[in-house]
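Residue numbers (the working numbering), protein chains in the order written: chain S, 96 to 208; chain E, 6 to 201; chain W, 595 to 826.
It is worth saying that the hints were derived from the structure and are not from the lab. Warning: the hint list may mix true and false statements.
To be verified - Cut-off 25 Å, straight-line C-alpha distance, at most; resulting in silico cross-link-like pairs (DSS-like, lysine-lysine):
| id | chain 1 | residue 1 | chain 2 | residue 2 |
| --- | --- | --- | --- | --- |
| 1 | E | K69 | W | K642 |
| 2 | W | K730 | W | K672 |
| 3 | W | K736 | E | K69 |
| 4 | W | K821 | W | K736 |
| 5 | W | K644 | E | K75 |
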Amino acid sequence: MLNYVYQNLSTVLSVAPVMGHEGAVASIITASIFGAVIAVLAGMAPSLMQGYTAARAVEAVGRQPEAAGQIRSTMIIGGVLAETGGVYGLTISLLLVFVNPFVDMYLDAMAAL
Amino acid sequence: MLLKNLLTAINPVRLTAGSGADLAEYDRVLGLDINTLYDIIFIWINVIVIILVLSWLLYKPVRKFLNDRKDRIAGELAKAAEDMQVANDARAEYEGKMLAISGEREDILDAARKLAGEKEVAIIASANDEARLIMERAKTEIEREREKARDEVRTQIVQVSAMMAEKLIGGGMDEATKSRILDDAIAELGDAVWTK
Amino acid sequence: MNFDIQARWRLYITDNIWINITDTTISTWIVGAVLILLAVVVRVKLKKFKPVPETRFQNIIEALVEFFDNHVTTIMTKKYAHFGAWFFGLFLFLLLANISGIFGLRPPTADFATTFPLAFTTVILMQVIGIRYNMKKGEYVKEFFRPVFIFFPLNVASDISRSISLSLRLFGNMLGGLVLMGLIYGLFPRLVQIGVPGALSLYFDLFVGALHAFIFVTLSMYFLMMKVPETD
Chain S
96 MLNYVYQNLS TVLSVAPVMG HEGAVASIIT ASIFGAVIAV LAGMAPSLMQ GYTAARAVEA
156 VGRQPEAAGQ IRSTMIIGGV LAETGGVYGL TISLLLVFVN PFVDMYLDAM AAL
Chain E
6 MLLKNLLTAI NPVRLTAGSG ADLAEYDRVL GLDINTLYDI IFIWINVIVI ILVLSWLLYK
66 PVRKFLNDRK DRIAGELAKA AEDMQVANDA RAEYEGKMLA ISGEREDILD AARKLAGEKE
126 VAIIASANDE ARLIMERAKT EIEREREKAR DEVRTQIVQV SAMMAEKLIG GGMDEATKSR
186 ILDDAIAELG DAVWTK
Chain W
595 MNFDIQARWR LYITDNIWIN ITDTTISTWI VGAVLILLAV VVRVKLKKFK PVPETRFQNI
655 IEALVEFFDN HVTTIMTKKY AHFGAWFFGL FLFLLLANIS GIFGLRPPTA DFATTFPLAF
715 TTVILMQVIG IRYNMKKGEY VKEFFRPVFI FFPLNVASDI SRSISLSLRL FGNMLGGLVL
775 MGLIYGLFPR LVQIGVPGAL SLYFDLFVGA LHAFIFVTLS MYFLMMKVPE TD
């Protein structure tokens, strides 16, 4: 499969005179979809670690039930901070899938030629 | 339409709807070109104005209201605590006075009772004395009466016996002899017979 | 599926410089109008507020302001509590802006051009509070060279990256919510679109929106407190 990816990446540069712009754009979009899938994989780590955070928070509440409100707030704040990495991945993948800048860049570059 | 014409007429800044292609080149989700910078500045000014107006109209007056209320309640609580303190002090003082009063009452009553006791004893003693005096006087009176009655009875008996004796003797005595005999008889008899 | 921001009008300042009036600008104006209306209504009704609240409106406003006042006083001690005025406005604006997805607008915070100024303002406020309260004996400048002298560019970069992280967190969450809600609405046929996606909208729009408004403001306050010496 990696060969397929490599072949597609190289066709972007060399395929335009042969396959026309549509082929090149299709290749760019294929590559972007691969990139988007890999980017969303970055959402795995925050989920795991937020579950771990919740487990430790529950443990802390069990040890001292009066502080439950403060522990809850701290857990949520820590969770949102840890979420940032996953959100970065999600943003990149959304940008790649919906508003792909590379297609525009390619078309501008080809139009300039 | 009218508004747009009006705005275009009076404003130096042209507000156009633009053509489709002209505006459509803006379409983006996240682009990082010069348009974004203009957008950032424009929206920045907007948001700062909104937030400042919001904080000046909503946050500061309501927070001042809440703080005033909190201070007023704290002041009222302090005053209530102070009043309570004053009331407690007054009540303690009055209760002290009440206790003192009942103590004084007890003292007064004790003194009065003692006085009454003494007076009672004195009155009883004087009453006893008077009763005794009366009794003694009565006794003396009775004795005197008894003596008198005894003397009378004695005289009468002697007279009767003198009469009988005279009758027995036959009248041959004169008065001087009679009285001499009577007195001797009385003196002989004495009290021995009449005290039975 | 079109999740783009579209420009509706253009304000030409000169012939080559223009301001695009986009979807987000219009949404910001609508949200701002609602908030200013609320503020004016509260200001007018403030004279009739009684010491013991009787109306529901007074109760809600008092609860909101008191909750936020407590929050600010907990994080930033009483000495810096006057910064709470800006953060309260920010909190309300973000809350309403994130929720406005339910009302058919494109949330203004789903545009990087909205979240970046707000985060950048936080960075500017960080420097302001540092300079104003930490400038004697040059503590504010010395903080940049704190662990080792060489760390100066790293400290500057960490300040700037805080703004980027704040803005991107909010932007990414709002954009993700927008895209997901659009996809789910597109998934169901027209009839089912009435009730079922609303339950998810409850999570994506309401909960995430309110949570991230709160988180943005809280994190800004924590960053501000980092620039200030620890109280004894």
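How the hints compare with the structure:
no., hint, verdict
1, E:K69 - W:K642, "14 Å, holds"
2, W:K730 - W:K672, "21 Å, holds"
3, W:K736 - E:K69, "37 Å, violated"
4, W:K821 - W:K736, "11 Å, holds"
5, W:K644 - E:K75, "13 Å, holds"
In summary, the one numbered hint that this structure violates is 3.
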